[in-house]
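Please work from the sequences and hints to get the whole structure.
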Amino acid sequence: MTLRAVVRGVGHYLPERVVPNSEFEKLVDTTDEWIRSRSGIERRHFAAEGEMTSDLACKAAEAALKDAGMSIDEIDAIVVATSTPDLTFPSVATMVQGRLGMTKGFAFDVQAVCAGFVFALSNANALIVSGQAKRALVIGAETFSRLMDWTDRGTCVLFGDGAGALVLEAVEGKGDISDRGILTTDLNSDGRYRDLLYVDGGTSTGTTGHLRMEGKEVFRHAVEKLAETAHASLDKLGLSGDDVDWIVPHQANIRIIESTAKRMKVPMERVVVTVQDHGNTSAASIPLAMSVGHARGQIKTGDLLVAEAIGGGLAWGSVVLRW
20 MTLRAVVRGV GHYLPERVVP NSEFEKLVDT TDEWIRSRSG IERRHFAAEG EMTSDLACKA
80 AEAALKDAGM SIDEIDAIVV ATSTPDLTFP SVATMVQGRL GMTKGFAFDV QAVCAGFVFA
140 LSNANALIVS GQAKRALVIG AETFSRLMDW TDRGTCVLFG DGAGALVLEA VEGKGDISDR
200 GILTTDLNSD GRYRDLLYVD GGTSTGTTGH LRMEGKEVFR HAVEKLAETA HASLDKLGLS
260 GDDVDWIVPH QANIRIIEST AKRMKVPMER VVVTVQDHGN TSAASIPLAM SVGHARGQIK
320 TGDLLVAEAI GGGLAWGSVV LRW
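Counting along the sequence shown from 1, when you hit position 303 you're at 322 in my numbering, and nothing is skipped either side.
Keep in mind that the hints were calculated from the coordinates and are not lab data.
Because the structure is a prediction, the values reported are computed rather than measured.
Ideal Cβ placement from N, Cα and C applies to all residues, glycine included.
A portion of the hints provided could be inaccurate.
[Said to hold, decoys possible] So the derived label-pair ranges between C-beta atoms look like this:
(1) R172 x E93: 23 to 29 Å
(2) G173 x D195: 44 to 50 Å
(3) T224 x P109: 19 to 25 Å
(4) D48 x R165: 42 to 48 Å
(5) G210 x W169: 27 to 33 Å
(6) D195 x D171: 45 to 51 Å
[Stated by the list, open to error] Taking lysine-lysine pairs in the DSS-like style, the calculated list, with each CA pair at most 27 Å apart, reads:
(7) K45 x K85
(8) K281 x K319
(9) K123 x K153
(10) K319 x K284
(11) K85 x K319
(12) K281 x K78
(13) K153 x K235
(14) K193 x K255
(15) K153 x K319
(16) K284 x K255
(17) K45 x K235
(18) K319 x K255
(19) K85 x K123
(20) K255 x K281
(21) K78 x K123
(22) K255 x K153
(23) K281 x K235
(24) K193 x K319
(25) K153 x K78
(26) K284 x K235
Shown next, in the form of structure tokens:
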């Protein structure tokens, strides 16, 4: 018997406020054309005043549970990927647990910035295949608008807020690549590159801080490392880009997405792209894209997906799953 963590439901939530590129023309020296040409982003969503990461996470979770046809009482574990928690502690996951009325099991956060959802999926998969949980709710939720330096045109135009969620359930599989569910994962990090992408606040400063990024260096590492981790996951299964139905990448920059797809020899027609509408929502971007791709009718039962992401740390990784 081989236990697999199979996707039973998916959902997402976006704040009501839509912010087009034109709004940034009033803040910094930029234009709609400049932002589109360098990132592919056209608009993003910003959380309302008083709307917290946990609020977004709860709404995405509720949508995923509804899609799965399950109640919160059937969930054993909640794993939330976020770098923008409401408070230093308790975790967003326990806030979601309390708000949704889950009185058993356990909940915790994972922090790997933009790679957070890949790390969260890997952790949830390990809990399921080891028998510690039968059903898990895995959420990526962020309010990155609250980390922006509104005078830095290189970063403030790139990020948005949102949340996405998956419901995973333990299912017996045959133990081969035809199984539904998570088939393999690949996780990596290298702390030597911590200064390429970070927030200059925390307990060391007593402030929330702002996001700082060396854009050109992050771009170079992203293109190289995203293709490498995707190939590493596929190689474990004896698969190649030709076998992939959909790449669901971290939605940071259309040029990174296109370059990674090219290195994997997967045409853009088989890549789920939402960056134009959401911007970079960090750990929320992959589950958001999965939910939107499923709603569009792109992602269907039995499809083979590769999800890959890179974030501050640097931390990066990939997941291969059959929907």
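| field | Hints violated by the structure (numbers, ascending) | value | 1, 4, 7, 12 and 13
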